[in-house]
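The lines below spell out each chain.
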Amino acid sequence: MTNSPMSDPRHDRPTPVSSNSDAPADVTPIQVMTGSKSAIFWAGVVFIAGVALFAVIQVDSWGERANRLPSRFSLDTSELTSVDAAQVAYKEIAAYPVEMETLRAVAAIPDGGFAVVGDVEIQRFDESGRKTQQITTDSPPTCIAFALDANLIYVGFAAAVHCYDAGGERRAVFNEGLNEDSMITSLAVFEDNVFVADAGQRAVLKFDSEGELLLKIDEEKKVEQGLRSFVVPSAHFDVLAADDGVLRVVNPGARSIEAFTLEGDALGAWGETSSAIEGFFGCCNPVALSMLPDGRFVTAEKGIPRVKIYDSNGTFESIVAPPAAFTNESTAKIEIRDSQRNGVLDVAVDRDGRILVLDPNRQTIRVFIENSHE
Amino acid sequence: MDTNSFDSGKQDRRRFMADALRTGGVVAMASAGGFLVGRRSEGEPMVWQLDPDRCTACGNCATHCVLDVSAVKCYNCFDMCGFCDVCTGYFEMNYKSLDTAAENQACPTGAIVRKFVEEKSGQRFYEYTIDEPICIGCAKCVEGCALMNGSLYLQIDHQKCLNCNECAIATACPTEAFYRIPQSQSEILKERAAAVYQARGSQTKRVIERDAEQTGTEIDQVKEAEANELLARAERQRVWRASQQKGSDSQEPSFQ
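Line order of the protein sequences matches chains Z and B. The C-terminal residue of the first sequence carries number 553 in my numbering, and the numbering is unbroken. The C-terminal residue of the second sequence carries number 287 in my numbering, and the numbering is unbroken.
By construction, these hints were calculated from the structure, which means they are not laboratory data. Wrong hints could be hidden among the right ones.
Computed, partial: chain Z to chain B, Cβ under 10 Å [to be verified]:
hint, residue
1, Asn246
2, Arg247
3, Ser253
4, Glu258
5, Asp360
6, Arg434
7, Ala455
8, Ile456
9, Phe460
10, Arg516
11, Arg520
12, Gln542
Straight line, CA to CA, 30 Å or less: simulated DSS-like cross-link-like pairs of lysine-lysine [stated by the list, open to error]:
hint, chain 1, residue 1, chain 2, residue 2
13, B, Lys151, B, Lys127
14, Z, Lys395, B, Lys151
15, Z, Lys395, B, Lys236
16, Z, Lys400, B, Lys146
17, Z, Lys400, B, Lys151
18, Z, Lys310, Z, Lys270
The C-beta atom is built at its ideal place from N, Cα and C for all residues, glycine as well.
Chain B extracted, bound-state conformation (with noise of 0.2 Å):
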């Protein structure tokens, strides 16, 4: 046998299960890198939402949704509606008379139901809530109710989305008013409305905190959580939205 290829062999053995270690160290060193790295970077899932005031009620949300009955619902911010007893977005234009007949309401699957909280002083108050399955999303209330308050809006039912990779009303949408948002905030409120939440969170606030500082009692645990629901859901609106302006700014796509 001969020695000089008997050396070279062994080295060769050597050189090859140190090449396999070093190989191996480094594909465990980035493969733990990696998982570390995309450990860090898992996001919450996102979900499709509309902006209300960016929606121009086009009609489109109607009829672009894959679904037979489209996602998208009208809401009603409570906040913002004056619980009027002539509600442009309930009754036609051109209404023959102030009651729930078909004829007279603006709804064409009658999808908003009226219901009377009271009268107080002669003057009659309802609440304006929507029957979301009948709701098709075409806007035609959030046009009405444009006229006056503006209380009516429409945003996606998560409950119903599909949240489709590429959606078809997002693509439809004239002023592109579809964002991918966080599953946590969920709803994305008109900024008028934002503003009417974040004074009515720090308002009962402030008089809960009053009351109990006069009575001498603790504070309404119930009402407190309320106020700060509110204020939470505020703060949520307002950081997305500084978000937004931040991407707008600096020329990143904000669209999807």
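For reference, chain Z alone in the conformation it holds in the complex (with noise of 0.2 Å):
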């Protein structure tokens, strides 16, 4: 507003005349800094406002260091994580999406192909990963495995074993030696065996084709042959049947795979425990074995997620999967929320070689091949 005198057009009375009348007119009405004034007023404003951030960030009791603690009041799993990069042997090629909520395992079909069961389901899918088969079970199955022909599925639950034909029709429920402590894990099938890791009972069962249990691999039997029991902390208990007629028992919670003949004879053990990529890490792995056609064994781990291969011997060879292949880069904070956590893993080895490695994360069938493979 100028100062010349003007009337007021509400009360038409003239409005008070300034005492300065006799300063000049100002014409513009935003005096706008130029040169060092202005360069020294936005030093300023850039300068409270970095003030304002950094007091902010410093407040801030949802960041990252809000806990305002010393590295040592937090986990540092960074050593586990990180993997030489050329103990990395192994290359993923396919990675088959699976239809399920929840995937609890897999295994191959001998004729080609591979099954996973979740939910309540068991799903079949021919090699390329496309399904051919779909059969819907009546309470979660846990584990599966195939006999060598593939005409007989062998489905685990909490405390039985169904058998299917191959159209899906059951034809036989194995509970015998079975009851309200039983929490079956794992299946292997050789010939006409069919071999049930139960971690509730922390045994393995033999049972024939019929159904009729034949033996039971369980604490009294391993103390009269003067060898640990099994130890089972939480409910990770494999069990493999290879072709070689030596059944092979993981034993997680003392971090070792043991040999046993098909009547429950030991034969040895092999495992170490240890942190390092060597060995199975914490209380109990790994969780799940396979092998591979020439003999070398193909094991998963849970807690820091690594899928490795052993020789036949049971020494280290290589790296399939390290743990980033299986976790989120972004953050190496431990998610410890149940509904975050990650789910634990499964490996199969199908016909031709190829590792499946069920990703319950991902809800995939990740297939990986050796790198020398072509």
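Starting from the two chains in their separate frames, assemble the complex, guided by the hints.
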């Protein structure tokens, strides 16, 4: 507003005249600073904004460093999760999505393809990952194995094994020797025998093809042979019946793989407790075991998820998939919420020697082959 | 004396008395009603507690409590614990050896006590308990345990908690894991722990009832009481979680 005398149109009265009536009229309503004044002004603004931002970050109680604790008050898994790239001898060539909420186990089908159990379903896929069959079950299945001719499918539930024919019709139920403590976690088939790993009873049960219980490798049988019992702190207890006619059982609490004859007589054990890549980490690993056609072993671990290869004597050989392949690399923070924690891996080897890794977090079957393989 | 003014004064006094009586009656009735409503709506005291299923082990519990040593402590759900020889909650990730030397322990204050329980066919089992006064609630062990069984989790120790009107940790909690819960509930279990308690309580009841039937003896009262306690703990959690779910479904604030 100028200071020239003028009347107020509302009251038709003259407005007060400024005492400084001789001052020049202000023709620019906003004074714009130029030159060094402007530079100083904007430098000040930036400085104040910076201080404000710093203050906000300092009092941000939800930020990464909000707890103001030294680093020794948080767990550092970086040493465990980083691996020597030279040790990774496999590459991922495919990932087949599986339409299930919860994936629990994968098994190779002897005449090609693979099958996955989870939710309340069994799904069969061909070698290219195309779903060929779906069987709905009464309760959540936990594991699966195929007879050598692939005409019979054995599926484990909490306390029973169901035998289906190739068409998906249930033919038999095995429950002898299983009880309310049972928690079946793995199945293996060799010739006419079905081997059942029961984490609840900490035992491996041997059935014939009709479902008659033939043998129980439990604490009593192991102690008779001067062996350590199966130590199973969590419901991950794997069994493998390979073509060489030897039964291998993971003793997770002992971080070892134990070999038995088909009659349950101990043959030996291998495995080392260690957080290093050569050993098995934590309280109870590996969680899954399979065998390549040349007799080498494939193992999968939980906690620090990783898939590794051991030679037929149990000596560490190489890495199939490092922890980074299964975790979100954007954060090193360990997720402790049950609803957010990573699911546990399972492994199988198909007839072509491809390693099938069940990744429940991505709901896929991931396929790995050796780098040297074309 | 003017008789009209006398009658008028008499009427005013009567009206005043009548108004006073009416007002007194209304006040008395309102007071009685308020008293009765107040008695009916009087709830039990509420306390702060944190939901371990929402906790991310961020470490804020250790430093944001108004107490010098936080009222948040670590607890071990023994029914979920493997009593392992290699406990990832107890041992540092790069431990030198599996013993109790300070350099091998993950806990920066040495608050986890490792106690040998038994050796069973060549395998040694250990019990891990928390020395509460030393625990500062940093949750480093909770992170380690989560790599395996996840039996270690944080809870507020009500013996220590000042039950502030506005909990400083709750304000700083990035996942809003803090709740006001009835004092009688006192704890919030992991859902997995509640399921384990439910299963163990039910199984114990089945076993003692079957044993009593087979042997023709009375039901073991002590074991039955233990089973009932487990079932009650699980049921309290189920009810609380259901109420939280209902609250969130109806867009009611579930926090505080």
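Hint by hint, here is what the structure shows:
no.	hint	result
1	Asn246	3 Å, holds
2	Arg247	5 Å, holds
3	Ser253	6 Å, holds
4	Glu258	6 Å, holds
5	Asp360	8 Å, holds
6	Arg434	8 Å, holds
7	Ala455	9 Å, holds
8	Ile456	13 Å, violated
9	Phe460	8 Å, holds
10	Arg516	6 Å, holds
11	Arg520	7 Å, holds
12	Gln542	21 Å, violated
13	B:Lys151 <-> B:Lys127	25 Å, holds
14	Z:Lys395 <-> B:Lys151	19 Å, holds
15	Z:Lys395 <-> B:Lys236	28 Å, holds
16	Z:Lys400 <-> B:Lys146	29 Å, holds
17	Z:Lys400 <-> B:Lys151	14 Å, holds
18	Z:Lys310 <-> Z:Lys270	24 Å, holds
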